Amino acid sequence: MPGENGLSGEFVISERIPQGTPEPSHKKSVHFYSSLGINPDNVVFENQEGDEEIMLLVRRDLITNVPWILTALILIFIPPLLFLFNDLFSPFFQIAIQTQVVSVLFYYLVVAGFILVEFTIWYFNVGLVTNKRIIDLDVSGILFKHASETKINLIEDVSYSQVGAVRSVFNYGDVLVQTAATQANFEFDRAPEPARIVQIIAEMIGRKPLK
Amino acid sequence: MEIFNFFLKIFSNQDALFRIILIILISIYGLFALILFLQIRNLNRIINQITFSPIFIVFTLVHLLATVALLFFAVLFL
Chain A
1 MPGENGLSGE FVISERIPQG TPEPSHKKSV HFYSSLGINP DNVVFENQEG
51 DEEIMLLVRR DLITNVPWIL TALILIFIPP LLFLFNDLFS PFFQIAIQTQ
101 VVSVLFYYLV VAGFILVEFT IWYFNVGLVT NKRIIDLDVS GILFKHASET
151 KINLIEDVSY SQVGAVRSVF NYGDVLVQTA ATQANFEFDR APEPARIVQI
201 IAEMIGRKPL K
Chain B
212 MEIFNFFLKI FSNQDALFRI ILIILISIYG LFALILFLQI RNLNRIINQI
262 TFSPIFIVFT LVHLLATVAL LFFAVLFL
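If you read the sequences in order, they're chains A and B. With our numbering applied, the first sequence corresponds to residues 1 to 211, in that order. With our numbering applied, the second sequence corresponds to residues 212 to 289, in that order.
Just to be clear, a hint being listed does not mean it is correct.
To be verified - Here are the simulated SDA-like pairs of lysine to any residue, each with C-alpha atoms no more than 25 Å apart in a straight line:
(1) Lys145/A with Ile258/B
(2) Lys145/A with Lys220/B
(3) Lys220/B with Lys28/A
(4) Lys220/B with Ile234/B
(5) Lys220/B with Thr99/A
(6) Lys28/A with Asn255/B
As the list claims (entries may be wrong) - Calculated Cβ distances over 10 Å to all of chain A for the following chain B residues:
(7) Glu213
(8) Phe215
(9) Asn216
(10) Phe217
(11) Phe222
(12) Arg256
(13) Ile258
(14) Ile266
(15) Phe284
To be clear, the hints were calculated from the coordinates, so they are not data collected in a lab. Note that the coordinates shown come from a computational prediction; the quantities given were computed from them, not determined experimentally. Built from N, CA and C at the ideal position, the CB exists for glycine as well.
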């Protein structure tokens, strides 16, 4: 029934209306090495609702993998180097050639395990921003994982910090998403293009991002 | 006395000692490879990147099978 001013219906005045939300139709494929996916295609997560679209997929910047990749490369080249200096060790170690071969194979399995663990830690340390909520999955070891989530409309503020020369050169930093007082804050640490991530989240919650 | 001789024989033979240590280490590592496979399979359920997740699981399965194969080889042929 129309009121005095001719308006009728239900009005919600406390809820923020998402502005500038990226169109879910422009899906982009993400690779296994992608550290930032905007409207990523072919990515689903546990408990995803039918009408829920992933807007952002954030991992640590790819450059943060350099230390463990270098370590793995060094570890790969250690056995050939030891074999070059085999004559130095042979008087002290009398081990059958068959045992040596199994030892080397085992060593390379351990290196493969190291690479798998390091890649897993990077790959599953992921932040997801959907049109409904924000999810942060932290994996800091093979036996430790922590997942937290909050609704988009509970986000109060979003900011980023970029400290140090390496972070400035490679353009990555920490994105901090602050939620209502009782909720935990979310941090996407060492995220690539933090300014862009902040801009996208700010637009989703209806804030004007700082330029 | 027989037991004493058995241990004396092992410790005087570097290769035998090394083989025993190696088999124990591979067994422990096999357990780690199994945990790694199960954890990665579970994590892929939480975040599933459809094009890559099956490949990732296959990698960890190959890693586990290689460890088991090496353990069998070490036990049977060393």
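Non-conforming hints, listed in increasing numerical order: 2, 3, 12, 13, 14 and 15
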